[in-house]
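Colleague: Sequence:
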Amino acid sequence: MTSSTRSRRGSYSVGIARRRKIVEAAAQRFAQEGYHRTALNRIAEDVGITEGGLLHHFPSKKHLLLAVMEHRFTAEAQWWAHLPQDADGRTVLRAMVEATERHLAEPGLIELFVLTSAEAADPSGAAHALFAERYRSAVEALARQLRGAVDRGTLRADTDCHAVARECIAVSDGLQLQWVISGGTLDLADAVRTHADRIARTVLTDGGGL
1 MTSSTRSRRG SYSVGIARRR KIVEAAAQRF AQEGYHRTAL NRIAEDVGIT EGGLLHHFPS
61 KKHLLLAVME HRFTAEAQWW AHLPQDADGR TVLRAMVEAT ERHLAEPGLI ELFVLTSAEA
121 ADPSGAAHAL FAERYRSAVE ALARQLRGAV DRGTLRADTD CHAVARECIA VSDGLQLQWV
181 ISGGTLDLAD AVRTHADRIA RTVLTDGGGL
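Numbered according to the working numbering, the sequence shown spans residues 1 to 210.
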């Protein structure tokens, strides 16, 4: 390996690490202060670079926004992946409420989610592919956990796991929109809990709620 090759690889690794730090700093700022109230120079200062250095990695604030949303989706998927593989149906449905409570700990990211989801409706927009993949993978992951609960006998055998997963995610996302529109006055966790409880009484083999 030549010195120039090592140098290029080193520069690439540094660039990847720098991008990760920028996204993590932006996610924290956006979560605490909101997207519109956060200036790029504040994020750059958090990382220890200039605003120009930040723009070298992310040409605009919107590019950074999409990177933060991708970061959020990845973190959310990793959290769900830590749910025990032998989780029963009630545990899986309760996790919907726990996930909502985690979101409420970072209210600025809920606002970001609603902001970018509106742009995802445009097939030509950069957010479209990101959200399409998020919904595909999230629905399939939740359906897989529900199917496991069916196999273990804690969910009814006739449960349409894919339909239940899609409904739970749709209700959660729709309630996040209503939470933003209400200025945070909607009890988001309670609303998700009410829905999950209704689903539980329909699909759990013991007929009970959460």
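Hints listed in this document are in silico derivations from the structure and should not be mistaken for laboratory results.
Treat the hints with care, as some may be off.
As the list claims (entries may be wrong) - Label-pair distances were calculated between CB atoms; the ranges are:
{"#": "1", "residue 1": "ALA81", "residue 2": "ALA129", "range": "34 to 40 Å"}
{"#": "2", "residue 1": "GLY184", "residue 2": "SER13", "range": "39 to 45 Å"}
{"#": "3", "residue 1": "SER124", "residue 2": "THR74", "range": "37 to 43 Å"}
{"#": "4", "residue 1": "ALA170", "residue 2": "GLY207", "range": "23 to 29 Å"}
{"#": "5", "residue 1": "GLN85", "residue 2": "SER13", "range": "44 to 50 Å"}
{"#": "6", "residue 1": "LEU55", "residue 2": "ALA129", "range": "18 to 24 Å"}
{"#": "7", "residue 1": "THR194", "residue 2": "ASN41", "range": "38 to 44 Å"}
{"#": "8", "residue 1": "ARG102", "residue 2": "GLU33", "range": "29 to 35 Å"}
{"#": "9", "residue 1": "LYS61", "residue 2": "GLY183", "range": "30 to 36 Å"}
Built from N, CA and C at the ideal position, the CB exists for glycine as well.
Colleague: Work down the list of hints and note, for each, if the structure agrees.
Modeller: Each hint, compared with the structure:
1. ALA81 with ALA129: 34 to 40 Å: Violated, at about 22 Å.
2. GLY184 with SER13: 39 to 45 Å: Holds, since GLY184 and SER13 (Cβ atoms, about 41 Å apart) stay within the stated range.
3. SER124 with THR74: 37 to 43 Å: 24 Å, violated
4. ALA170 with GLY207: 23 to 29 Å: 24 Å, holds
5. GLN85 with SER13: 44 to 50 Å: Violated: the Cβ-Cβ distance is about 34 Å, outside 44 to 50 Å.
6. LEU55 with ALA129: 18 to 24 Å: Since LEU55 and ALA129 have Cβ atoms about 23 Å apart, the given range 18 to 24 Å holds.
7. THR194 with ASN41: 38 to 44 Å: 43 Å, holds
8. ARG102 with GLU33: 29 to 35 Å: The hinted range 29 to 35 Å is violated for ARG102 and GLU33, with Cβ atoms some 19 Å apart.
9. LYS61 with GLY183: 30 to 36 Å: Given range 30 to 36 Å: violated, Cβ gap about 23 Å.
Comparing the model with each earlier hint shows violations of hints 1, 3, 5, 8 and 9; every other hint is respected.
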